[in-house]
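J.: One-letter residues, chain by chain:
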Amino acid sequence: MESDFFDNWTTQLRKGILELGVLAALRGRRLYGYDIVKRLGDIPGLVIGEGTVYPILSRFRRDGLVTTTLVESNEGPARKYYELTPLGRRELVRMRGSWRAVRDGIDSLASEVDS
Amino acid sequence: MIRLTPEAQVYLDDYLSDVRSAVAGHAGISPSEIKEDVRAHVFAALENAELPVSAAQLAAVLDRLGPPSMWVSDEPRSIWKYLADRLKPVGHKAVEQIKALPGEAYQAGRGLAARVRGLSHDWRLAYVALGLFVVGMVFPPLWIAAYFVARADVALARERGELLGARRWLVYPPLVIISVALFLALAAWPIAPAVGLSHEIPRSLKSDVADMMHVSPKAVQPVAATYLAVGTVSLWWTIASLVVVRYPGLPGVLFPPFGSKIRRIDATIVLLLSATVFVCWLSRADTAWQVTQEVLRRL
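Just so you know, the sequences run in chain order A and B. As numbered in my numbering, residues 33 to 147 make up the first sequence, in order. As numbered in my numbering, residues 72 to 370 make up the second sequence, in order.
A couple of the hints might just be wrong.
As the list claims (entries may be wrong) - Calculated pairs, DSS-like style, for lysine-lysine (alpha carbon to alpha carbon, straight line, at most 25 angstroms): (1) B:LYS106 <-> A:LYS47; (2) B:LYS289 <-> B:LYS277; (3) A:LYS112 <-> A:LYS47; (4) B:LYS277 <-> A:LYS70; (5) A:LYS70 <-> A:LYS47; (6) B:LYS106 <-> A:LYS112; (7) A:LYS70 <-> A:LYS112.
What the hints contain is simulated information worked out from the structure, not anything from laboratory work.
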């Protein structure tokens with residue numbers, strides 16, 4: 033029961049945070065899909081199935097948050113590089129602001145008892 | 072360039088096929104784009120792997136990638152895909168019931184089920200649509216189910232960017248017949264109230280009304296019905312074509328597969344014609360108004 037609750041909570045948390053993670057990974061650089069997945073995979077518990085990142089990237093492209101460029105590769109199929117658009121950069125700033133506010137708020141709530 | 076063992080190639084093809092089935096019917100998703108994403112991911116993940124890549128190595132990459140359903144976890148589904156998925160258990164249940172039949176009926180049913188199962192998903196839908204349509208000749212409500220299954224198959228083909236090809240001969244009969252019936256009903260329904268109203272003229276008033284309309288008493292009802300029908304139909308077509316001018320995709324949604332050929336310019340022409348007819352009809356409305364007042368006064 034406790035485990036179910038925690039699993040559900042982490043799933044919900046991950047869902048929202050993953051989108052922020054994708055935008056953050058692209059801040060100031062151009063990356064291809066697998067590279068984004070690997071970088072996000074380095075954050076413990078953030079990416080459970082690597083396939084979840086691609087639908088987010090597709091949606092971001094449709095919403096105008098990222099642009100894509102196809103680059104031929106000697107190793108296999110052409111690689112699709114993703115890059116933030118000005119809209120994507122603005123949204124990232126806003127999302128990071130919200131994220132920091134929530135994180136700091138919860139941290140301060142939790143530290144009230146300690147102090 | 073990465074090479075796969077034949078076994079690994081089959082494994083990858085199966086995964087891509089499952090992904091294609093999972094994403095079909097989801098609005099805004101391009102199956103070919105996802106296929107390229109999967110291939111690019113797999114090849115990038117196996118860049119430093121020993122060649123040729125074995126099925127086990129590939130399986131590990133695909134396991135980390137997640138099940139095919141993961142590619143559409145947060146995408147909306149089209150209503151037709153939803154209906155097709157809902158109809159799937161009904162099909163399975165029917166197969167179970169066939170299995171429960173005794174003797175030859177069971178054998179025949181099993182043979183048919185095996186054949187249908189052996190078909191690809193798209194052909195299965197097409198055969199089910201035609202089957203429902205044929206059985207619907209005995210039990211007409213099944214035509215509605217046939218219509219929806221046929222639409223699901225057409226939507227599936229469109230979303231995959233495929234042509235229906237020979238499948239259209241299975242899918243078009245229910246689709247065309249129901250679409251044409253629906254179109255005729257929507258186009259001509261205002262005739263019914265017009266004819267009904269014309270019957271409301273009392274027999275005792277017919278000769279007086281005939282004088283006002285300058286026709287013989289026998290012609291009162293047909294002339295009144297025609298007059299009212301021209302008015303109601305031209306008004307309805309004016310409204311309907313106005314809606315189509317504003318939303319040109321609507322006929323394609325309502326009357327597949329040919330409704331999509333109706334363009335905004337066609338709707339504009341119908342709008343102008345029907346509006347002209349309606350204006351002409353209004354110009355004759357003074358006589359109709361007098362007749363109506365007279366009928367109401369004497370009733």
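J.: A separate judgement is required for each hint: does it hold in the structure or not?
T.: Right, here's what the structure says about each hint:
Of the supplied pair hints, the one linking B:LYS106 and A:LYS47 holds, its CA atoms being roughly 23 angstroms apart against a limit of 25 angstroms. A hinted pair counts as satisfied when its Cα atoms are at most 25 angstroms apart, and B:LYS289 with B:LYS277 qualifies at roughly 8 angstroms. With a C-alpha separation of about 23 angstroms, the suggested pairing of A:LYS112 with A:LYS47 holds against the 25 angstroms cut-off. Our distance criterion of 25 angstroms between C-alpha atoms is broken by B:LYS277 and A:LYS70, whose separation comes to about 87 angstroms.
For a cut-off of 25 angstroms, the pair hint linking A:LYS70 to A:LYS47 stands: about 17 angstroms separates their Cα positions. The hinted pair formed by B:LYS106 and A:LYS112 meets the criterion: a straight-line CA distance of about 12 angstroms does not exceed 25 angstroms. A threshold of 25 angstroms between alpha carbons decides the hint, and for A:LYS70 with A:LYS112 the separation of about 15 angstroms falls inside it, so the pair holds.
Of the numbered hints stated above, the single one contradicted by the structure is hint 4.
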